[in-house]
Amino acid sequence: MKNLFNLSSLSLDEINAILNRAQEFADGAVSDAGKGKVIGSLFFEPSTRTQNSYTMACYKLGANVITFNSEVSSMKKGETFYDTVKVFEEIGCSAVIIRDKQNEYWNQLKGLKMPVVSGGDGTGNHPTQSLLDLLTIKQEFGKFEGLKICIVGDVIHSRVAHTNIEVMERLGMEVYTSGPEEFREDGFKYIDFDTAVKEMDVIMLLRIQHERLSSEMVMSKEEYNKLYGLNAERVRAMKPHAIIMHPAPFNRGVEINDDCVECEKSRIFKQMHNGVFVRMAVVERALIGE
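Numbering (my numbering), first residue to last: 1 to 290.
Just to be clear, a hint being listed does not mean it is correct.
What follows is a set of in silico ranges between Cβ atoms, one per label pair, in the way DEER data are often shown [unchecked claim]: (1) Glu24 / Glu174: 25 to 35 Å; (2) Ser220 / Asp258: 15 to 25 Å; (3) Ala232 / Ser70: 34 to 44 Å; (4) Thr84 / Gly289: 17 to 27 Å; (5) Asn107 / Glu79: 16 to 26 Å; (6) Phe269 / Thr84: 25 to 35 Å; (7) Gln108 / Phe141: 36 to 46 Å; (8) Glu222 / Ile91: 48 to 58 Å; (9) Asn103 / Ala237: 35 to 45 Å; (10) Glu233 / Gly62: 46 to 56 Å; (11) Met75 / Phe269: 33 to 43 Å; (12) Thr195 / Gly36: 46 to 56 Å; (13) Gln108 / Pro249: 38 to 48 Å.
To be clear, the hints were calculated from the coordinates, so they are not data collected in a lab.
For glycine and all other residues, C-beta sits at the position ideal for the given N, C-alpha and C.
Please model the complete structure; the sequences and the hints are all you need to start from.
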């Protein structure tokens, strides 16, 4: 059984194997690993890209998908998280994909016999987002070693940032963070944003996660955009080969201006495109157990 909860528990060989398989899918490889199987899609937090690209990945592997809606479920009657997930095993699902607001929610699911694949947990991990980021970077540069990346914005609340920083450093990338002081996290290398724009190979922007803030932001959206937003002037200051990334959803006019979202350096929609191939590789791995 091949669960996927985080990347920190995987070796670099395992990570590269997933990336290589994802690239094969991007190049046109097909698989019927899901034929005759049903996958449960259980998202307890909102999602557009992750849930739907997982669903598309399952369809491309030949699987059917049951999409769960917690708002009309027996959880409203007091059913526990474990018991809810267990239902999907008992009705015949071959695997489940889960996103939940709890960090490390999988610790509650140790009684399951079917594989669990994460769509993100709280502020902790987002393994497939990180994998699709890595695939996009590898397609662009052909390597990881020695590349410089700055992750800009609400680092402290970002499962994407936490996952990427750990795995990218293991892969030999130089990882920096930037953004307002209220979003900085101890232990990560900080760099001035305008300096980062000139020196980095990758600028990765993050949205402000208002739903996780305990109080109102100190800084207004307008001030944030002025100090940490990517605009055309900052794009012109980037290295010729440097690229822009964002896990999305993005807030236009806050961390990135309209005219930068699909500019020549942006790989934001390419990341989304790659998400299907990465999730095909991850679901196939879960189903065949290799």
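For this session: Hint by hint, work out which the structure violates, then give me just those numbers in ascending order.
Result: 13
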